[in-house]
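Protein chains: 2
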Amino acid sequence: MRYGHFDDERHEYVIERPDTPLPWINYLGCEDYFGLISNTAGGYSFYKDARLRRLTRYRYNNVPADTGGRYIYLRDDEAASHPTDPPFWSPTWQPTRIPLDEYECRHGLGYTIIRGKLAGIASEICYFVPLGESLEIWQLTLHNDRRQTANLSVYSAVEFCLWDAWDDATNLQRNLSIGEVEVDERTIYHKTEYRERRNHFAYFACSETATGFDTQREAFLGPYRGWEAPKAVESGQMSNSISVGGQPVGALQVKLRLGPGERKTISFVLGYHENPPNEKFDPPGSQTLNKRTVRPIVDRYRRDGEIEAAFQKLRAYWSGLLDRLQVRTPDPHVDRMVNVWNTYQVMATFNLSRSASYFESGIGRGIGFRDSNQDLLGFVHLVPERARARILDLAASQLPSGAAYHQYQPLTKRGNHDVGSGFNDDPLWLVLSVAAYVKETGDWGILDEPVAYDNTPGTEESLYGHLQRAIRFTLDRRGPHRLPLIGRADWNDCLNLNCFSDMPGQSFQTTTNKDGLTAESVFIAGLFLIAAAEMAEMARKLGRD
Amino acid sequence: MRYGHFDDERHEYVIERPDTPLPWINYLGCEDYFGLISNTAGGYSFYKDARLRRLTRYRYNNVPADTGGRYIYLRDDEAASHPTDPPFWSPTWQPTRIPLDEYECRHGLGYTIIRGKLAGIASEICYFVPLGESLEIWQLTLHNDRRQTANLSVYSAVEFCLWDAWDDATNLQRNLSIGEVEVDERTIYHKTEYRERRNHFAYFACSETATGFDTQREAFLGPYRGWEAPKAVESGQMSNSISVGGQPVGALQVKLRLGPGERKTISFVLGYHENPPNEKFDPPGSQTLNKRTVRPIVDRYRRDGEIEAAFQKLRAYWSGLLDRLQVRTPDPHVDRMVNVWNTYQVMATFNLSRSASYFESGIGRGIGFRDSNQDLLGFVHLVPERARARILDLAASQLPSGAAYHQYQPLTKRGNHDVGSGFNDDPLWLVLSVAAYVKETGDWGILDEPVAYDNTPGTEESLYGHLQRAIRFTLDRRGPHRLPLIGRADWNDCLNLNCFSDMPGQSFQTTTNKDGLTAESVFIAGLFLIAAAEMAEMARKLGRD
Chain A
1228 MRYGHFDDER HEYVIERPDT PLPWINYLGC EDYFGLISNT AGGYSFYKDA
1278 RLRRLTRYRY NNVPADTGGR YIYLRDDEAA SHPTDPPFWS PTWQPTRIPL
1328 DEYECRHGLG YTIIRGKLAG IASEICYFVP LGESLEIWQL TLHNDRRQTA
1378 NLSVYSAVEF CLWDAWDDAT NLQRNLSIGE VEVDERTIYH KTEYRERRNH
1428 FAYFACSETA TGFDTQREAF LGPYRGWEAP KAVESGQMSN SISVGGQPVG
1478 ALQVKLRLGP GERKTISFVL GYHENPPNEK FDPPGSQTLN KRTVRPIVDR
1528 YRRDGEIEAA FQKLRAYWSG LLDRLQVRTP DPHVDRMVNV WNTYQVMATF
1578 NLSRSASYFE SGIGRGIGFR DSNQDLLGFV HLVPERARAR ILDLAASQLP
1628 SGAAYHQYQP LTKRGNHDVG SGFNDDPLWL VLSVAAYVKE TGDWGILDEP
1678 VAYDNTPGTE ESLYGHLQRA IRFTLDRRGP HRLPLIGRAD WNDCLNLNCF
1728 SDMPGQSFQT TTNKDGLTAE SVFIAGLFLI AAAEMAEMAR KLGRD
Chain B
1228 MRYGHFDDER HEYVIERPDT PLPWINYLGC EDYFGLISNT AGGYSFYKDA
1278 RLRRLTRYRY NNVPADTGGR YIYLRDDEAA SHPTDPPFWS PTWQPTRIPL
1328 DEYECRHGLG YTIIRGKLAG IASEICYFVP LGESLEIWQL TLHNDRRQTA
1378 NLSVYSAVEF CLWDAWDDAT NLQRNLSIGE VEVDERTIYH KTEYRERRNH
1428 FAYFACSETA TGFDTQREAF LGPYRGWEAP KAVESGQMSN SISVGGQPVG
1478 ALQVKLRLGP GERKTISFVL GYHENPPNEK FDPPGSQTLN KRTVRPIVDR
1528 YRRDGEIEAA FQKLRAYWSG LLDRLQVRTP DPHVDRMVNV WNTYQVMATF
1578 NLSRSASYFE SGIGRGIGFR DSNQDLLGFV HLVPERARAR ILDLAASQLP
1628 SGAAYHQYQP LTKRGNHDVG SGFNDDPLWL VLSVAAYVKE TGDWGILDEP
1678 VAYDNTPGTE ESLYGHLQRA IRFTLDRRGP HRLPLIGRAD WNDCLNLNCF
1728 SDMPGQSFQT TTNKDGLTAE SVFIAGLFLI AAAEMAEMAR KLGRD
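These protein sequence lines are chains A and B, in that order.
Whatever position you read off the first sequence (first residue = 1), add 1227 for the working numbering.
Whatever position you read off the second sequence (first residue = 1), add 1227 for the working numbering.
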């Protein structure tokens, strides 16, 4: 079965039918704001950290599969005149799953375009995150291919996550009580916990004045109904509901009249915004969200040409990255992979280090220490200045013993206590990534950068000292054969020779180790030889050998 | 709007339409096996502990609401002959939500009966947990009210939880890899992790030989489909799929021919079973589940009359409990509440202590120390011997300081480290519950029972000593006004005068306290006066004052 093909001209992967065996996804965003998006508009968004600053809800392992996303519904407000056509549908197939006459998804570099056609109405939605912004744009273009005028309602819908995605997924009692929103004519603001202890909020805005809205999930969907057939879309009636607790959603209705052959573009903006702590409310002393700081951002993307300009800027950014390394080989498949898709993949890894995907639910882990040092070998030539910053972040989560937290949380950059340390190969990878960085850039200065241990001010030492401790950590921890002790595990995370997990529910990654003075790792021994050679070479060049 | 009424004769609450404002639930089981069941057959089951031994999956806060349950589908295998009737439907309304001609749910004492009628086929399902068993029965009776013979397929379906409900809800990567089942002609066995580190499994059996089955969710539902319209039910074709990883379900198909006016009963059994660790496999040394130990249980409920006998035994058990206290007042509403429903409620609290409900997702907490001591005042006259055991369990989770873990996990009976201690009113409630128990039973001997602290062998002291430490704990922790220090919180769990949570994501219950030597609790002071009076009275009676 063939589901898609590469468009080498545009650097896009084109999916030709919506019901792929599993959702096929793309990543939006490459700075602070990120999104996962499937070929049928499923997925979710977050600011920096998929666990701690989740903007929208997504239900992993749910049925129907891939539930939760960036949903648009189209409704024929004169459905009675077209009795053979469905009265409403999703131009991205999900969540209504009403068969489309035409469908195409294009996963590009940092953007996704989904086209659909049904009942003579053609649609195209371009989803992307502009550079330098903490927001995503959904640009919807509709074209009336009928011979008659079409009177349509466009509905957009997201379900907000109550920020901490872990708590959101598990703590129902709390979820029921804390949701809060505000609404003005074209924008829905999600401000749960803003009054108490947050200075950030989410917003969902439309380029047009909404003719109706809903912010209570139950009001929009109707009781005992799912996303496949919202009551509000079926009936054409929004409730203008205000969520007080419950499940806040952002759903906007826009009415549209399209003459035969007419084309029209509407855009939606979903964003994250922080206010200064002393300017949270407007007027001061009230409990009303200060929106003055965010309005200019929303208004910017209502101006003609701004979205197109932002999109071109994003395309140029990616072209620039691809230009850093281009090869030509006898095999076009190799060229395509090396010149486009591997670079793209490597940058996704730089951005997220596997912390959120359609397999990793974005709540179980942060940025891996080993992972990220390894990844760096792939992207150091693409973004050397960001590689430098990443090395210093990683080193700052190293412990004074030379060991490393196995992961750190991207929002706080602090080591993850739940998983802890004890993967004895971890620190050696830092030596390899630093060596790769220095070879690529010639920036020997990085070795003299002062970096704290465990992010504790006052413990700063040069990065070079950090590397020495990494080497020393291995040398000081050796077993009966004088090979390195494995600790909790080596690169084979599941080996766990020191934790005999015979109890249900024990996590292999976090169970307490039993006596750890015997099990050795041949793998770490091999890694040490490489790291030690790199270290010796750096010491020689610096005259410190 | 009226949704139901009390049937005082049968001690049942009768719900008259399926789309109640929220799911209205009942509790099944009163010993080791428990289930929550809504008026449309939603809910889930577990053995002892809603978090650690969850049998079936339930999706809180999902849409459509109340997804996951004990589902039956009826399919007209000659639907072409009845073109105006739906080809398949749910006799409990959910999950198909196809409107029924008749519907009634009766929540009784430890059982729920759901009746439905559509297309001339009347159905009644009785769900209950037999006394002394770790299983639940679904007894389905069908009656053909048509003038023609009906050829039907009956489908039953549950989705298994991979045991630890917390992990199941959050750890997708792991979920995808670990699922395992076995199937024989009438039974599906769910045995995830059985080979590695469990000796328990779940089973789902039918009184009839199945004509087809599925154990892969995707095979039963079809891709991108939900529970409202499984592909297998729509098509009439089961895949006989074996789940290897993925999402194990238990779905059985039984074909049935019902003459005009004919009635037939089919039963399903969903159960939990443990094998001796040295008899896990059959033959020994293989990786095949030893089913010899469970077959007699399954076979028992296939014998004529066994289900009816078990049901009558359950009804007699509840009658016996109700008989312990009956009042007659001028107000029939008071009588109904005191004589039936308050007793029932109090026993649900004894069994679960709020650890699982449609608000508490069953993964966030165990049995509350304060809660359970309070609850005891309500059930001590109903089950004094079980109240005694509960007191000793609670006391064993007390700490040597006299403080108490705020909660303990029902499976292990050990204190819950995640929530910890520091709710300074907690230990005083133990004094009240013991006093209530002694007053009710005259069992002064309980005060001399040796009980460990923090479940640590070797630390045993008399229960009386535990109570003394509880009193001493309060006396030794007083603030500037000589009133008791509040610690983390008192009965008002959210007061938290010592934790100034200004960081997003901090839990009010578990955040670290700041200096706790100032904030006092007038509430604890009042509680102390009551507890101290009870303690003094007990000391006097025992001649220990």
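For the record, the hints were derived by calculation from the structure and aren't laboratory data.
As the structure is a computational prediction, the values presented were derived from the model and not from experiment.
Check before you lean on any hint, since a few could be wrong.
Listed next, the stretches of chain B that the computed footprint assigns to chain A, with coverage defined by at least 3 CB atoms under 8 Å from CB atoms of chain A [as the list claims (entries may be wrong)]:
hint, segment
1, 1328 to 1341
2, 1495 to 1506
3, 1522 to 1535
4, 1683 to 1689
Computed spacing ranges between beta-carbons, pair by pair [unchecked claim]:
hint, chain 1, residue 1, chain 2, residue 2, range
5, B, T1745, A, R1771, 24 to 34 Å
6, A, D1509, B, D1558, 31 to 41 Å
7, B, N1426, A, K1768, 56 to 66 Å
8, B, T1436, A, T1438, 30 to 40 Å
9, B, N1289, A, E1461, 14 to 24 Å
10, A, R1699, B, P1510, 28 to 38 Å
11, A, D1670, B, G1706, 41 to 51 Å
12, A, T1436, B, R1641, 54 to 64 Å
13, B, T1311, A, E1258, 52 to 62 Å
All C-beta atoms in this analysis are idealised placements derived from N, C-alpha and C, irrespective of residue type, glycine included.
Going through the hints against the structure:
no.: 1; hint: 1328 to 1341; result: violated (count 0)
no.: 2; hint: 1495 to 1506; result: violated (count 0)
no.: 3; hint: 1522 to 1535; result: violated (count 0)
no.: 4; hint: 1683 to 1689; result: violated (count 0)
no.: 5; hint: T1745/B to R1771/A: 24 to 34 Å; result: 54 Å, violated
no.: 6; hint: D1509/A to D1558/B: 31 to 41 Å; result: 54 Å, violated
no.: 7; hint: N1426/B to K1768/A: 56 to 66 Å; result: 59 Å, holds
no.: 8; hint: T1436/B to T1438/A: 30 to 40 Å; result: 58 Å, violated
no.: 9; hint: N1289/B to E1461/A: 14 to 24 Å; result: 20 Å, holds
no.: 10; hint: R1699/A to P1510/B: 28 to 38 Å; result: 53 Å, violated
no.: 11; hint: D1670/A to G1706/B: 41 to 51 Å; result: 58 Å, violated
no.: 12; hint: T1436/A to R1641/B: 54 to 64 Å; result: 59 Å, holds
no.: 13; hint: T1311/B to E1258/A: 52 to 62 Å; result: 58 Å, holds
The structure does not agree with the numbered hints 1, 2, 3, 4, 5, 6, 8, 10 and 11 stated previously, though it agrees with the rest.
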